[in-house]
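J.: Take these sequences, add in the hints, and give me the full structure.
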Amino acid sequence: MDDRPVIVVGAGPAGTRAAQRLVRAGLRPIVLDENDRQGGQIYRRQPPGFTRPAARLYGTEAGKATALHRDFEAILPDIDYRPGTTAWGVSGDVLLASRGSAVSELSFSAVIIASGATDRIMPCPGWTIPGVFSLGGAQIALKAQACAIGARPVFMGTGPLLYLVAWQYLKAGVPPVAVLDTSSYADRLRGLRQMAARPRVLANGLRYLADLRRAGVMLRTAIRPERIEDDGGTVGGIAWRTARGTLQRAACDAVGVGYGLRSESQLADLLKCDFAFDSVSAQWAPVIDGFGRTSNRQVYLAGDGAVLRGADGAEAAGTLAACALLLDRDHPVATAEIAALQQRVAVMDRFRQGLGRAFPWPAHLAGALLDETIVCRCENITAGEIRHAAQALDAPDINRAKALVRPGMGRCQGRMCGLAAAEILAHARGVPAEQVGRIRTAAPVKPLPLDSRIVP
Amino acid sequence: MSRAPSAAPRRADVVIVGGGFMGAATAFFLRRHGLSVILLERDLIGQAASGVNFGNVRRQGRFLPQLPLSNLSRDLWGRLPELIGEDAEFLPSGHIRVAFTEDNAARLERYAADCRPYGLELELLSGNAARARFPMLAPDVHTVSFSPADGHANPRLAAPAFGRAARRAGAHVLEETEVTGIGKDGEDFVIETRGQGVFRAPLLQISTGAWAQAMAATFGDHLRLIPRGPQMGVTEPVPYRIGPVIGFASDVTEEGVYLRQVARGNIVFGGGRRTDANLVTKRAPLDPLNTIRQMPHLARLLPDIARLRVIRTWSGVEAYLDDDIPVMGPSAGVAGLFYAFGFCGHGFQLGPGVGHVMAELIATGKTSVPIDAFHIGRFRGPDRPNV
Ligand SMILES: Cc1cc2nc3c(=O)[nH]c(=O)nc-3n(C[C@H](O)[C@H](O)[C@H](O)COP(=O)(O)OP(=O)(O)OC[C@H]3O[C@@H](n4cnc5c(N)ncnc54)[C@H](O)[C@@H]3O)c2cc1C
Chain D
1 MDDRPVIVVG
11 AGPAGTRAAQ
21 RLVRAGLRPI
31 VLDENDRQGG
41 QIYRRQPPGF
51 TRPAARLYGT
61 EAGKATALHR
71 DFEAILPDID
81 YRPGTTAWGV
91 SGDVLLASRG
101 SAVSELSFSA
111 VIIASGATDR
121 IMPCPGWTIP
131 GVFSLGGAQI
141 ALKAQACAIG
151 ARPVFMGTGP
161 LLYLVAWQYL
171 KAGVPPVAVL
181 DTSSYADRLR
191 GLRQMAARPR
201 VLANGLRYLA
211 DLRRAGVMLR
221 TAIRPERIED
231 DGGTVGGIAW
241 RTARGTLQRA
251 ACDAVGVGYG
261 LRSESQLADL
271 LKCDFAFDSV
281 SAQWAPVIDG
291 FGRTSNRQVY
301 LAGDGAVLRG
311 ADGAEAAGTL
321 AACALLLDRD
331 HPVATAEIAA
341 LQQRVAVMDR
351 FRQGLGRAFP
361 WPAHLAGALL
371 DETIVCRCEN
381 ITAGEIRHAA
391 QALDAPDINR
401 AKALVRPGMG
411 RCQGRMCGLA
421 AAEILAHARG
431 VPAEQVGRIR
441 TAAPVKPLPL
451 DSRIVP
Chain E
1 MSRAPSAAPR
11 RADVVIVGGG
21 FMGAATAFFL
31 RRHGLSVILL
41 ERDLIGQAAS
51 GVNFGNVRRQ
61 GRFLPQLPLS
71 NLSRDLWGRL
81 PELIGEDAEF
91 LPSGHIRVAF
101 TEDNAARLER
111 YAADCRPYGL
121 ELELLSGNAA
131 RARFPMLAPD
141 VHTVSFSPAD
151 GHANPRLAAP
161 AFGRAARRAG
171 AHVLEETEVT
181 GIGKDGEDFV
191 IETRGQGVFR
201 APLLQISTGA
211 WAQAMAATFG
221 DHLRLIPRGP
231 QMGVTEPVPY
241 RIGPVIGFAS
251 DVTEEGVYLR
261 QVARGNIVFG
271 GGRRTDANLV
281 TKRAPLDPLN
291 TIRQMPHLAR
301 LLPDIARLRV
311 IRTWSGVEAY
321 LDDDIPVMGP
331 SAGVAGLFYA
341 FGFCGHGFQL
351 GPGVGHVMAE
361 LIATGKTSVP
371 IDAFHIGRFR
381 GPDRPNV
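Going line by line, the protein sequences match chains D and E.
First residue of the first sequence? That's 1 in full-length UniProt numbering, and the numbers climb one at a time after it.
First residue of the second sequence? That's 1 in full-length UniProt numbering, and the numbers climb one at a time after it.
Don't read these hints as lab results, they were simulated from the structure.
Keep in mind that this is a model prediction, so the values were computed, not measured.
Do not rely on the hints blindly, as some may be mistaken.
[Claimed, not checked] Taking lysine-lysine pairs in the DSS-like style, the calculated list, with each CA pair at most 27 angstroms apart, reads:
no.	chain 1	residue 1	chain 2	residue 2
1	E	Lys366	E	Lys184
2	D	Lys272	E	Lys366
3	E	Lys282	D	Lys446
4	D	Lys446	D	Lys272
T.: Written out as structure tokens, the structure is:
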């Protein structure tokens with residue numbers, strides 16, 4: 001018997017449900033979470049001292065949020081919970097995790113990674129001006145700090161989060177000036193059939209739209225971002241083109257941008273899991289089976305860190321990954337439980353495919369970006385420099401382009417710019433995005449203090 | 001364009017196998033002698049050791065008989081823009097070795113005296129003088145040995161730049177062309193590749209870095225190359241102020257760390273223990289525990305570094321010979337065959353010089369600087385140090 005512990009990385013919906021299922025089977029997992037409080041991105045909790053009611057914080061999802069928080073608190077005595085702790089590297093079969101400068105070496109028999117996702121960014125001129133936030137950032141400001149990104153914000157991009165965040169701002173008393181979506185009405189219709197797999201979610205979405213419309217928020221589809229305007233160092237307005245090419249603009253003091261999500265899959269990469277290109281999300285993803293097993297026997301994945309199925313999908317996938325782990329070590333798990341979970345995940349998956357159709361990643365925008373647009377903001381690398389790597393320097397893949405002109409070389413290690421940079425490179429080479437590959441992960445996954453030391 | 005050799009000739013005066021820094025620079029300089037060249041690289045030019053190393057352009061501390069070659073190379077580093085049209089971010093910022101103990105200081109003093117006849121002038125500073133000159137160093141520095149004309153460059157740029165310059169000069173540089181077999185057929189070497197056909201030439205250079213052992217053995221030249229991965233890392237950027245490359249003078253492996261600051265502010269560091277590298281997967285693991293082990297020694301050199309954060313680490317496949325000096329020059333037994341590999345962790349600085357000297361040797365049969373110490377023949381005969 002391998003008596004090394006099971007580690008769950010992440011305490012959002014997926015990690016929480018995974019840990020809970022393991023506890024139910026009598027295991028005592030270590031649960032690592034980068035945040036100081038459990039809940040993940042979507043059900044993020046306020047810092048101590050902030051006391052807005054759940055209904056205001058989480059809207060229609062308040063019931064789920066409180067259930068998840070309550071269930072986590074219930075298993076606290078049965079897990080080794082380490083908040084504020086980042087898993088950042090792998091040495092042999094030991095996971096390295098830091099809290100400040102204190103590094104622990106955590107050996108494990110298995111690890112369930114539920115590390116979530118971040119916003120997916122497509123740059124546009126002006127996106128680095130102070131006052132431009134990612135949609136997720138705009139949402140965190142509201143949820144965790146009760147702050148708005150501005151008094152007259154515009155939200156631009158595509159995907160369900162675009163409308164959710166705009167609606168949350170509206171409800172918080174900060175009606176957005178406009179919601180600008182790169183996807184078209186026709187895209188929306190193409191995704192409808194599969195999105196109908198989750199009628200309640202679809203109805204919520206429609207309600208957000210109706211509320212925004214009723215509140216007089218300008219709603220535009222099939223737009224092409226032109227630029228975010230700089231007004232003496234802050235955001236002064238935003239300009240876009242309509243499907244017909246007409247230039248339009250709106251004054252605003254902040255912009256939230258996001259084009260769907262990208263999985264945080266670096267730990268899976270460090271743990272040598274196989275990856276494949278996923279055409280629905282147009283990005284590389286770790287290969288998993290119907291349970292969340294990876295090509296590495298010790299590694300299971302759940303939630304947005306593996307497949308972008310959203311919070312409900314993450315809860316089901318978390319339990320399912322835990323069940324797979326239990327099955328793999330001959331714990332009894334009822335067939336009915338598995339069947340029910342897999343059925344739920346299948347529904348989410350249909351919905352996910354619908355979303356992919358309805359709100360496609362606007363790859364075509366990468367080709368049209370002006371040469372001087374900054375793509376990698378850590379290193380100040382422009383679209384033109386990436387094209388120079390593609391052409392004059394003959395870089396066939398994104399790692400070579402990174403080596404030669406540095407996109408993805410900075411603090412964020414390409415988490416923010418990597419997908420857009422790859423798209424620009426692919427466009428410049430005239431090949432599909434999957435042919436230019438993905439940025440190889442190197443430890444540390446997040447910046448590591450240089451006064452780090454191993455603590456027992 | 002370079003990946004479809006169908007248009008490329010099948011025959012040349014020289015075929016070079018392996019497009020690291022050594023192969024790319026040799027191809028470039030061979031064109032200046034007017035020889036036709038085909039360079040065959042398995043992956044992309046300069047992607048292996050040559051593209052991931054620390055970037056030290058250092059002469060001090062080298063094996064003394066290597067200094068003439070190293071001096072020549074240093075001159076070429078200063079002339080990169082006129083030679084290949086770019087500078088590969090070469091910064092002649094100086095290089096210092098820092099001793100904290102009496103013993104290590106004595107070693108620095110001895111080396112400074114020994115290298116003078118080879119034309120390398122080092123400046124020794126002790127105690128307060130060292131601290132006044134290099135105020136970023138730790139207060140307990142004993143002695144600093146300063147080499148003002150050394151410096152550092154960007155390894156990711158240098159070898160690919162030589163590859164492109166070689167191509168512009170008329171060399172046929174074929175990437176993604178792995179050599180799977182080498183033999184001799186009469187006067188000609190016959191070079192088989194995976195999927196790209198057969199190439200021929202009367203002259204052949206093997207510069208396949210860590211992968212050279214089996215190729216040399218094909219021609220009866222036996223030696224042992226041990227693949228290892230030096231451990232590198234880089235911090236987030238801070239305002240530029242360090243200047244020289246800084247190395248810890250010590251014979252304790254763990255303490256042997258070094259660092260440099262690039263113009264945009266990041267501090268690149270390396271040293272300490274190496275990992276075992278894998279020739280089949282072509283990967284050398286970075287062990288994050290090694291990064292943590294480097295930290296106290298880096299902070300011993302440069303106390304302020306402890307306040308920064310590491311943003312990335314990496315390693316790369318390098319090969320080491322038992323005597324820690326390279327193999328360079330003609331084969332011991334086969335006419336027309338030349339070697340340039342096994343640079344044992346110090347080949348980056350030598351890259352331009354090796355290319356220059358190998359091209360000279362291949363084209364004219366002579367070299368302007370001595371390289372006899374690196375002849376592969378040292379591994380033959382009854383007193384062979386290897387095997
Ligand atoms: C992490 C690290 C740090 C280092 N730091 C420094 C430093 O600071 N200063 C310094 O001077 N040196 C340093 N070095 C050493 C330096 O990088 C090497 O000595 C130098 O790059 C060797 O160049 P090369 O051309 O011999 O080998 P490589 O760069 O390894 O090139 C060999 C090439 O041969 C190709 N090849 C192999 N087999 C085949 C085949 N069958 N067919 C076709 N092609 C093939 C490979 O793909 C590769 O491109 C460091 C090395 C490493 C790995």
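J.: Do the alpha carbons of Lys366(E) and Lys184(E) lie within 27 angstroms of each other, as the hint requires?
T.: Roughly 23 angstroms separates the two Cα atoms, so the pair holds.
J.: Is the Cα-Cα distance between Lys282(E) and Lys446(D) 27 angstroms or less?
T.: It holds: about 26 angstroms lies between the C-alpha atoms, which stays within 27 angstroms.
J.: Between Lys446(D) and Lys272(D), is the straight-line Cα distance small enough, at 27 angstroms or below?
T.: holds (18 angstroms)
J.: Do the alpha carbons of Lys272(D) and Lys366(E) lie within 27 angstroms of each other, as the hint requires?
T.: violated (49 angstroms)
Consistency note: the structure conflicts with earlier hint 2 alone.
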